[in-house]
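Order-wise, the sequence lines are chains A and B.
Going by the working numbering, 60 is the number at position 60 of the first sequence; the sequence numbering is gapless.
Going by the working numbering, 109 is the number at position 109 of the second sequence; the sequence numbering is gapless.
Hints are computed from structural coordinates only; laboratory data are not their basis.
A portion of the hints provided could be inaccurate.
As the list claims (entries may be wrong) - Below, in silico cross-link-like pairs of lysine to aspartate or glutamate (EDC-like), each with a Cα-Cα straight-line distance of 20 Å or less:
| no. | chain 1 | residue 1 | chain 2 | residue 2 |
| --- | --- | --- | --- | --- |
| 1 | A | K36 | A | D76 |
| 2 | B | K63 | A | D1 |
| 3 | B | K23 | B | E82 |
| 4 | A | K109 | B | E46 |
| 5 | A | K109 | A | D88 |
| 6 | A | K45 | B | D107 |
| 7 | A | K45 | B | E46 |
| 8 | B | K63 | B | D107 |
| 9 | A | K51 | A | D88 |
| 10 | A | K113 | A | D88 |
| 11 | A | K51 | B | E46 |
| 12 | B | K63 | B | D89 |
| 13 | A | K109 | A | D9 |
| 14 | A | K113 | A | E17 |
| 15 | A | K51 | A | D66 |
| 16 | A | K51 | B | D107 |
| 17 | A | K36 | B | D89 |
| 18 | A | K51 | A | E61 |
| 19 | B | K63 | B | E82 |
As the list claims (entries may be wrong) - Taking CB as the label site, the calculated pair distances span:
| no. | chain 1 | residue 1 | chain 2 | residue 2 | range |
| --- | --- | --- | --- | --- | --- |
| 20 | B | T74 | A | Q85 | 38 to 48 Å |
| 21 | A | S14 | B | S75 | 31 to 41 Å |
| 22 | A | T5 | B | Q65 | 20 to 30 Å |
| 23 | A | N34 | B | P14 | 25 to 35 Å |
| 24 | B | Q111 | A | S7 | 23 to 33 Å |
| 25 | A | N34 | B | G42 | 34 to 44 Å |
| 26 | A | E17 | B | G15 | 26 to 36 Å |
| 27 | A | S7 | B | G42 | 42 to 52 Å |
| 28 | B | S75 | A | R18 | 49 to 59 Å |
| 29 | A | S28 | B | G8 | 37 to 47 Å |
| 30 | A | W56 | B | T58 | 42 to 52 Å |
| 31 | B | D89 | A | D9 | 16 to 26 Å |
| 32 | A | G63 | B | R85 | 35 to 45 Å |
| 33 | B | A102 | A | K113 | 35 to 45 Å |
Just so it is clear, CB atoms sit at the ideal spot from N, CA and C, and this is done for glycine as well.
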Amino acid sequence: DIVMTQSPDSLAVSLGERATINCESSQSVLYSSNNKNYLAWYQQKPGQPPKLLIYWASTRESGVPDRFSGSGSGTDFTLTITSLQAEDVAVYYCQQYYSTPPGFGQGTKVEIK
Amino acid sequence: QVHLVQSGAEVREPGASVKVSCKASGYTFTGYYMHWVRQAPGQGLEWMGWINPNSGGTNYAQKFQGRVTMTKDTSISTAYMELSRLRSDDTAVYYCARGAAAVTFCDYWGQGTLVTVSS
């Protein structure tokens, strides 16, 4: 199974500042035949189901604000929230869907400093 | 618009079974896989498996094989997840989530169903 590891486990960022979350996979999730990274990011607010933010490592889901961006390739990925807003307080998860089981990272909690 | 509406919270004793439903609307039910993901209290997300509503084919995470059964009723656009021989560590919120393929990201999620296992 591919193991997903996120860092940090939590971070506190001032309103309007940048938040950066890292995600590392135990093996590459880049599929060479189509040059796509099989990596998604989700946001989960308390008491709510996860919400898809990013797929293919960097494609923003429809309706997701452009302050959210994804980058990286192979085994190392980053979710960046530029100019953090109060409504961005949540836990963020990365997920690989390169192979079964489609595993998730342990989550990163983002709070306001 | 796409909606996945799950059944309500359940309480079961250890050793019992629970069946959670997930009613889909706003899209062609047989055109997408239905995945099931659970989340223990204060913990992360754990993928359990999927069902292909078109073929009825299933794939379960190894951890749940022998205890989980995923089924569907296409006439009412509803998927089901049944977990048997419940243990206290099965206490969790269970989510259904739509995916375009067997191994993929999930773009729509149900609201979740809390299953509490307690004597």
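Here is what the structure says about each hint:
no., hint, in the structure
1, A/K36 with A/D76, "holds, 14 Å"
2, B/K63 with A/D1, "holds, 12 Å"
3, B/K23 with B/E82, "holds, 15 Å"
4, A/K109 with B/E46, "holds, 17 Å"
5, A/K109 with A/D88, "holds, 10 Å"
6, A/K45 with B/D107, "holds, 16 Å"
7, A/K45 with B/E46, "holds, 17 Å"
8, B/K63 with B/D107, "violated, 24 Å"
9, A/K51 with A/D88, "holds, 12 Å"
10, A/K113 with A/D88, "holds, 13 Å"
11, A/K51 with B/E46, "holds, 15 Å"
12, B/K63 with B/D89, "holds, 13 Å"
13, A/K109 with A/D9, "holds, 6 Å"
14, A/K113 with A/E17, "holds, 10 Å"
15, A/K51 with A/D66, "holds, 15 Å"
16, A/K51 with B/D107, "holds, 7 Å"
17, A/K36 with B/D89, "violated, 36 Å"
18, A/K51 with A/E61, "holds, 10 Å"
19, B/K63 with B/E82, "holds, 14 Å"
20, B/T74 with A/Q85: 38 to 48 Å, "holds, 41 Å"
21, A/S14 with B/S75: 31 to 41 Å, "violated, 53 Å"
22, A/T5 with B/Q65: 20 to 30 Å, "holds, 25 Å"
23, A/N34 with B/P14: 25 to 35 Å, "violated, 46 Å"
24, B/Q111 with A/S7: 23 to 33 Å, "holds, 30 Å"
25, A/N34 with B/G42: 34 to 44 Å, "holds, 37 Å"
26, A/E17 with B/G15: 26 to 36 Å, "violated, 51 Å"
27, A/S7 with B/G42: 42 to 52 Å, "violated, 19 Å"
28, B/S75 with A/R18: 49 to 59 Å, "holds, 50 Å"
29, A/S28 with B/G8: 37 to 47 Å, "holds, 42 Å"
30, A/W56 with B/T58: 42 to 52 Å, "violated, 26 Å"
31, B/D89 with A/D9: 16 to 26 Å, "holds, 22 Å"
32, A/G63 with B/R85: 35 to 45 Å, "holds, 41 Å"
33, B/A102 with A/K113: 35 to 45 Å, "holds, 41 Å"
Violation of the numbered hints given earlier is confined to hints 8, 17, 21, 23, 26, 27 and 30; the remaining hints are satisfied by the structure.
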